[in-house]
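Engineer: Residues per chain, in single letters:
There are 2 protein chains.
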Amino acid sequence: MKKKYAVGIDIGGTTTKFGIVTEKGEILVQDRIPTNQHEVVEEFIDDLYNKLMPMIEQHGGVENFIGIGMGAPNGNIYTGTIEYAPNLKWKGIIPIAELMEKNFGLPTKLTNDANAAAVGEMMYGCTKNMKHFITITLGTGVGSGIVIDGKIVVGHDGFAGELGHTVIRPGGRLHKTTGLHGSLESYASATGVRETAIELLTEHPEKESLLRDFSLNELTSQTVYECAMQGDDIANSIFEFTGQILGESLANFIMFSSPEAIVLFGGLTKAGNLLLNPTRQHMEANLLPIFRNKVKLLFSELNEADAAILGASALVWDIKE
Amino acid sequence: MKKKYAVGIDIGGTTTKFGIVTEKGEILVQDRIPTNQHEVVEEFIDDLYNKLMPMIEQHGGVENFIGIGMGAPNGNIYTGTIEYAPNLKWKGIIPIAELMEKNFGLPTKLTNDANAAAVGEMMYGCTKNMKHFITITLGTGVGSGIVIDGKIVVGHDGFAGELGHTVIRPGGRLHKTTGLHGSLESYASATGVRETAIELLTEHPEKESLLRDFSLNELTSQTVYECAMQGDDIANSIFEFTGQILGESLANFIMFSSPEAIVLFGGLTKAGNLLLNPTRQHMEANLLPIFRNKVKLLFSELNEADAAILGASALVWDIKE
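If you read the protein sequences in the order shown, they are chains C and X. Going by our numbering, the first sequence opens with residue 7, and the numbers climb by one from there. Going by our numbering, the second sequence opens with residue 7, and the numbers climb by one from there.
Simulated from the structure, these hints should not be mistaken for laboratory data. Check before you lean on any hint, since a few could be wrong.
It does not matter which identical chain is used: a pair holds within one copy or between any two.
Restricting the straight-line Cα-Cα distance to at most 30 Å, the calculated cross-link-like pairs of lysine-lysine (DSSO-like) are [as the list claims (entries may be wrong)]: (1) Lys97 - Lys57; (2) Lys8 - Lys300; (3) Lys300 - Lys182; (4) Lys302 - Lys213; (5) Lys108 - Lys213.
These numbers come from a predicted model, not from an experiment.
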């Protein structure tokens, strides 16, 4: 009998989301646990087991499942290990696929979380018929998944597609967890938008802004968005600047792999055209003519968590029964 | 009878080189014609025919040839056309593969010149056993060929791999033929080295330099190299700066596709360690830790023209007889 379901798991810095998925991409049931409450990975897996195993039992037990697909920061598809993930508490090299197999008795595949989201988009989202595209997640950080010829680019060691860490302002803003200066993530993330806000507010003390009414703690990308929607000049400049940095970076990515589309995910995309317009403008302005007005710039139609769960689950459908 | 030979043709901005190649990658005979003396492509093909056809006849005639492989600026592998090549006199879209087939009666395949060089390197050069690498040609301009999973990356429209035009100093030096500011090519090409020399000499009139003895016309990347080898400070700073720009760019490329090696070709590589040391230093300094001390930085073992002829010829070996 053909096995009916896959488990998809998306391990994020804060929250781990998981669900039971059909081959058609329906998420039948999903739940979540905190990621970083567990000092050691074994405790995390115990916690996950207690929530996930009952869901598996309700869907006919492990014999009804083809396997478990996981996305995680610095997840390596070649080795099934999470390696030196800066945003996770578990340090060094974590053989998580092996640990999961032992605990659940199901074949387990792992990949990078951003790559899982790109696979989800390709199988079930707005790039269903595309063979060349790039997904960029604009969340707390900036993640990316690159698809060329219908396959995720993982490179010779499994770590390709770290576009958030490419440098677009050499010598620019310090990115605290990596020590790099001027990387895309240091500007075009929720954290980056907040930093830009603080910079602009302190550099222009003479300019009035609704943003000045918020405490430093309240100053988030969401606050900036709300003020921009009320016509606040500084708030609008913040998105203009963020879009410029993002657009310049996207132009560079396009001249690398010439994708048909770039798909944007994540919290910052809630800003809609406030972000999209300057991004598109600076992207086009930095392209060679042969690339201009060709590349679609899209917002994902899947929500980010769904895309990652779906993409992770998709890793296992080609496992031989 | 199995056909024995292929023709490889490398169309450059100034010179077109061509040769007769065996499947093992021996160039049996080669010659060259100027590229830009011909206002229309038909005259160029006539000139090429007059030189190349006798070589084909000497090797058993067209029936002994599997086909013609060509590399050209903006050569599109999908369509066999050269499209809007900024460095060629023939404007618009040139159906050169079709024209060659008509004239020579041999199947003809076309690709981008830098991609042809990368294929040559993969089949016959220092990346023979690698499936993930990037070649960068540091000549009058900066070309690139990207190999992922053993295949040249051409993207959805055939134009991928324009790494020389990625921007590494946003708002920086104007690149005259493209109008882009701060692209890699505007710094890390022979033209760029000359511009850096002029900038440094005029910005620091107080500093002594052997370079001041040369006229503007004599000030080439070769002159800069010779002065640097004699211990000239400004000449050394020029290579230091060029290596910094190149190294920063390479770091970005590595975080895109995680290659096993980057192979440098072209005139500027004659500078050897003068260029290689600062390039490596700035490349490593701009990488995430997971990529550090992993990626080989190599000089090609093939000369550039050979690599392009070999790579172009390699395009046709899988044509069915």
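Engineer: Next, verify each hint and record whether it holds.
Structural biologist: Status of each hint after checking the structure:
1. Lys97 - Lys57: within (24 Å within a copy, 64 Å between copies)
2. Lys8 - Lys300: neither (42 Å within a copy, 43 Å between copies)
3. Lys300 - Lys182: between (36 Å within a copy, 23 Å between copies)
4. Lys302 - Lys213: Classified as neither; 36 Å inside a copy, 50 Å across copies.
5. Lys108 - Lys213: neither (60 Å within a copy, 69 Å between copies)
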